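Protein chains: 2
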Amino acid sequence: MIPLNPSRALDEMKALRALTSDENGNQRVVFTPVWKRAVDFFTAKVDELGLKWRADVAGNLWATLEGERPQTVVIGGHLDSVPNGGWLDGCWNVVAGLEVMRAYKLSGPKPPVTLKVVSWCDEEGARFGRSLFGSSAFSGYLDVEAVKVLKDKDGVTVEQAAREYGIDVNLAPGATAERNDVAAYLELHIEQGPVLEGLGLPLGAVLGTVGVERNVITFHGQAAHSGSTPMNVRKDALLAAGKMAQEIYAIAGRHKGVCTIGSVVTKPGIVTSVVEECTLTLDQRHLDAKELAAMWTEAQGAARKFAAEGSVTVTFSDLWKIYPIPFHPELTEFCDQAIVETVGKSHKLPSGPLHDAAEVCRAGIPTQMLFVQSLRGISHNKIEDTKDEHLLASVTALAKLTEKTIAWVVNKLG
Amino acid sequence: MIPLNPSRALDEMKALRALTSDENGNQRVVFTPVWKRAVDFFTAKVDELGLKWRADVAGNLWATLEGERPQTVVIGGHLDSVPNGGWLDGCWNVVAGLEVMRAYKLSGPKPPVTLKVVSWCDEEGARFGRSLFGSSAFSGYLDVEAVKVLKDKDGVTVEQAAREYGIDVNLAPGATAERNDVAAYLELHIEQGPVLEGLGLPLGAVLGTVGVERNVITFHGQAAHSGSTPMNVRKDALLAAGKMAQEIYAIAGRHKGVCTIGSVVTKPGIVTSVVEECTLTLDQRHLDAKELAAMWTEAQGAARKFAAEGSVTVTFSDLWKIYPIPFHPELTEFCDQAIVETVGKSHKLPSGPLHDAAEVCRAGIPTQMLFVQSLRGISHNKIEDTKDEHLLASVTALAKLTEKTIAWVVNKLG
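Protein sequence lines correspond, in order, to chains Z and Y. Letter by letter, the first sequence follows residues 1 to 414 of the working numbering. Letter by letter, the second sequence follows residues 1 to 414 of the working numbering.
So here's chain Z without its partners, still in its complex pose (with noise of 0.2 angstroms):
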């Protein structure tokens, strides 16, 4: 059995959290000195250890211990955070994968696969607007020449900010270099969404992150005076919308994906006129391609429909788009189980937001992400948070995944 000491992780946190915290939250932002202190903290604790770290050239730190074989299992996550954050966001996988392991080096003999824990640089992309920098370069998926040139509100650019951090953006994509060797990914992260809260359990396994479709629903009408035009000869661009913030319940509930319409923007917008036009925002998540493209052409015969029986017209442009990433069957079965044994009973559960686990997952590289219970559901917030009990046992979970997932890469290399 493993020395797993969770306490020593949540002290560790709490201590982290003093470090970089002000009264508006959480600050540790890439590329600047409270990052910098973050990053810092977590080299120390990793000398301490006696093992060694590195930052690669995407500016991904990796502390390594090695095992019998240089097959390796990482565990991920990222120090960074947004502007005004929450303490645990990306910060609780690195110190619960940190104590995993610790665990592991305290144990005595080397394991028999190498074990990483890594930082991803840039998960948030709060400062240049672009999220996923490190991971995303680890994974080749990176645009370099689109992301260096990408600027702060303060008019510094990626480039310029990772320089003073030792890190030359241009190197980054061989950042790729370091997936040799890489067998499995672990990700620990809090859930940043009510299910598990709503279902009152700790911790869920994670089926992998959705797809998003994101599009814009126009409709148009005709602008009439609100006094003198009969209810039966107006081309209401309203109605057809007001009908649309139905149906994406229906939708969502026939296909079991979520959708939101964020925003209505009415034209001209006065209270004596009819609305001429009026444009929405549709957000459409699932975790299973086919379904998430039903749902989407769902919407479209509806807005079509709606537009029909109110005799206004409709128009459709894409805002943005990302395929579901499915996590690995194998690896979601035994966070399943090491669930189960940590806390009794678990559920699994698709991510609504992106994780670096998505970048590396589409890499290649089986790939599994743990869920711990967020309070609220609230995250990106200085009021983000998770009961201690819950934390502590995502530290014993991970640790029973790791070990899972160590044999299992064991077993596949005979």
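A couple of the hints might just be wrong.
Copies of the same chain look alike in the list, so a pair counts if it fits in one copy or across any two.
To be verified - Within a straight-line C-alpha distance of at most 20 angstroms, the following computed SDA-like cross-link-like pairs (lysine to any residue) qualify: (1) K412 to P83; (2) K256 to V233; (3) K110 to D181; (4) K52 to P70; (5) K256 to G227; (6) K404 to R17; (7) K345 to L392; (8) K348 to R214; (9) K267 to E277; (10) K382 to N84; (11) K305 to Q246; (12) K267 to V216; (13) K387 to A223; (14) K105 to V233; (15) K153 to D40; (16) K305 to E247; (17) K404 to G129; (18) K382 to H220; (19) K348 to V233.
Simulated from the structure, these hints should not be mistaken for lab results. Treat the numbers as computed from the prediction; the structure is a model and nothing was measured.
Take the given structure of chain Z and dock chain Y to it, following the hints.
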């Protein structure tokens, strides 16, 4: 039979259009040189007839054909327009009224009662934001202290602008003196809506001006991440608002009124968040005060129901309201008969927009309006138009209504 010549009125109307329009539409904005051109055109026509005209203390222009008795039937309209307005709005009433007066003058003997044509001052309120200036001075409902300080977009006050044309607005409330001897008031107007065109009818008898209930409804939900928040735990303020967009059609249908949601604002209004707050404006109109009150009560009830269904809350705030002003039932019948005699078929309808007639009516004077069809229901726009044949018929119907009204007044006097 009076020597009425509707074509003469239409020719005058077209001459006045040529005098006061540019490529953007009609420019008879109150207290401007173009408006003064229209005033001078009107007074010159009155002079040609050898009749007297004068401006009252509120700037209303009165042309008088003295009858055998001092009791007076008034035909009214307004020479001012909105900027880039239509050629007929308000002005056609005055020109057609003048033709009816001319017919009585040219027919020889004094009419049994006095006949006046009035052009009300600043009906539109387009320049200073307060409509019905002159007619509300007449009715006694003008709050001169509040109005005189209103400014146009160049910072010129009502008081300053009126003084340039010899009007001291401080004296305007004295226009109530003009009510003496006024036994009935008639007003022809373009419909400014699509009802008569939809029915294929040239003319309609107006039942009154509708009452207006104008309110703001705000649904308060909870912002939540569009990816990580399951549909069944959302507190989506837009869902309730979308139901309202449908429901107002049911409410309007039950009560045979009109309801309009003209503006919807969503907060935070971003693609990745469930709508936390959704604010909409609701404009409801009905000719019957009880029905109007019931419509607003039902709207509030529906909003509360939809809020409860979606676990959100709702608040209400007033924007503006005015009671319905029904016209005189006997005069409405005369108007209906005059229309049938002129074009074979009539239709009774309420007026959605307000008119000077509403001010006169609420001063307790028997009042009636006659509508002539508007093409496409469009007004306050350079493409505002009405078929020549309908304009001609409207002069004939106004003359018949005037005859019937004069006979009614004479009969009441005994």
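**Item:** Numbered hints the structure breaks, given as an ascending list
**Value:** 1, 6, 8, 13, 14, 15, 17 and 18
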